[in-house]
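*Asks:* Chain residues, written in single-letter form:
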Amino acid sequence: MDVSAMIPELLSALPLTLAITFTAIVVGFCLALVASTLRIRRVPVISNLVDLYVSYARSVPVVLQLFVAFYGLPLLVALFGAADFFSPNVAAMVGLSLYHGGYLSEVMRPAYLAVDRGQHDAADSLGYTFRQKIFRIVGPQAIHIGLPGYGNSIIYLIHNVALVMYIGAADVMATAHLIMERDYNQYQFETYLVLAVIYALMCLIAWLIIRFFELRSPMQAPEATATTQIKHALISNA
Amino acid sequence: MLELKDVKLSYGNTQVLNGVNLSVKRGDVVSIIGPSGTGKTTLLKCINYLVKPASGTIVFDQIRMDYQRADKAAIQAIRLRTAMVFQQFNVFKNMTVLQNVMDPLVVVQRKSTDEAREIALRELERVGLSDKRDSYPSQLSGGQLQRTGIARALAVRPDVMLFDEPTSSLDPELVGEVLKVIKDVTSSGITSLLVTHEMQFARNISSRIVFMDRGVVAADGSPAEIFDAPSSPRLAQFLQSELAFQ
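So the sequences go chain by chain: W and B. Mapping to my numbering: the first sequence position 16 is 16, numbers consecutive. Basically my numbering = 1-based index in the second sequence + 1000.
The hints are simulated quantities; they were obtained by calculation from the structure and are not laboratory data. As the structure is a prediction and not an experimental result, all values here were calculated from the model. A few of these clues could be false.
Calculated cross-link-like contacts (lysine-lysine; reagent style DSSO-like; alpha-carbon spacing at most 30 angstroms) [to be verified]:
| hint | chain 1 | residue 1 | chain 2 | residue 2 |
| --- | --- | --- | --- | --- |
| 1 | B | Lys1008 | B | Lys1072 |
| 2 | W | Lys133 | B | Lys1008 |
| 3 | B | Lys1111 | W | Lys133 |
| 4 | B | Lys1132 | B | Lys1183 |
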């Protein structure tokens, strides 16, 4: 099989892969924000339940979390009479969002706690309200601290999206397997190689975006512009 | 103007403040001295409620607050009338020097950006940092950071300045530039409370010296009374060791 014929077929599954990834990124971010807030502020009972959720998301293998979502979700949606809503793709989005949210909350929480106590004191002493303090002082600093960890969590998420084929979602990995089986497994190496390039490119783009924001941070000493630094980083990586 | 009555505070099992009484008149420059761990910084932080005393009362002109029934409005009112300079500078790391000084004026005091900028530039000139206004804290020396902290505190036009060991984290060669600025501030007539281990400096700039020991005010008097005629052997011993070190 010609590799150039294989690529468009693989790429046809890319929109679904990206849709699952983006859904997990957005929903996971919201979940992580709520989870880390509740874990920092310690609301009785609710914070303990959130601890349990984070522990589940971090300690259960992702593939197992996907199976739990795949088999558990139909039971849940049936309760609300929305069984038609269920599909492997939805299960993949739910499973990965829950995983990513729990994992990411343990990036956000330490980042918030790593902001020097003195920054809180200075803002409090000047009369900043809690909201002003978070949005203007502590938040921007926590984002700067948490960005590298956030970048890692996005890359792990992209890797873990490859597992959704085990619950029947037709992402690029599942499509690659279909192509290989159709061709009697003659071109496994070539197919996996193309797949590797697709994943590497996805991760590279994610890394570049995160790096761009890292370098734009005001806490980064502005010796060179963000664009120049990204160029240098790319050259050194290459 | 400012009065603290029977303030008590403990960190876990450690009693830090054992019933502190202190009153400050308008225009006073009060230096608080004493051995490390006697609650000097904690006392200062009780004034703007950065720590929560277990009991006691604070009276700040018309504002009166019982620490056991602290209310947000009173805390905010006191915070808006005081400004603190920290031992570790605590300059906002995500802002330039100018933004550090401007931000509280715009965000807390709701001043226009132009007015805030004007005030900030004036205060930065006063502390000799006009040329560093666009620098970030990571690009400044300790002395410059502390002068930024002082400019930020001055810009909010506080009734009382609280200096918490402003030179303790500085290299010896940077201490002078900060002391010069503090001297300039205190001589302008602004009421100030200064926690310090710089004995000679405290003697020169203060109208009163308060000696704290084991969580209480152990001596309180003019610089001459405290330094020339220590009222207790404990104070005499402390002064001897501090002055010998310096």
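*Asks:* Any of the earlier hints contradicted here, and which numbers?
*Replies:* Nothing - there is no hint that the structure violates, so all of them hold.
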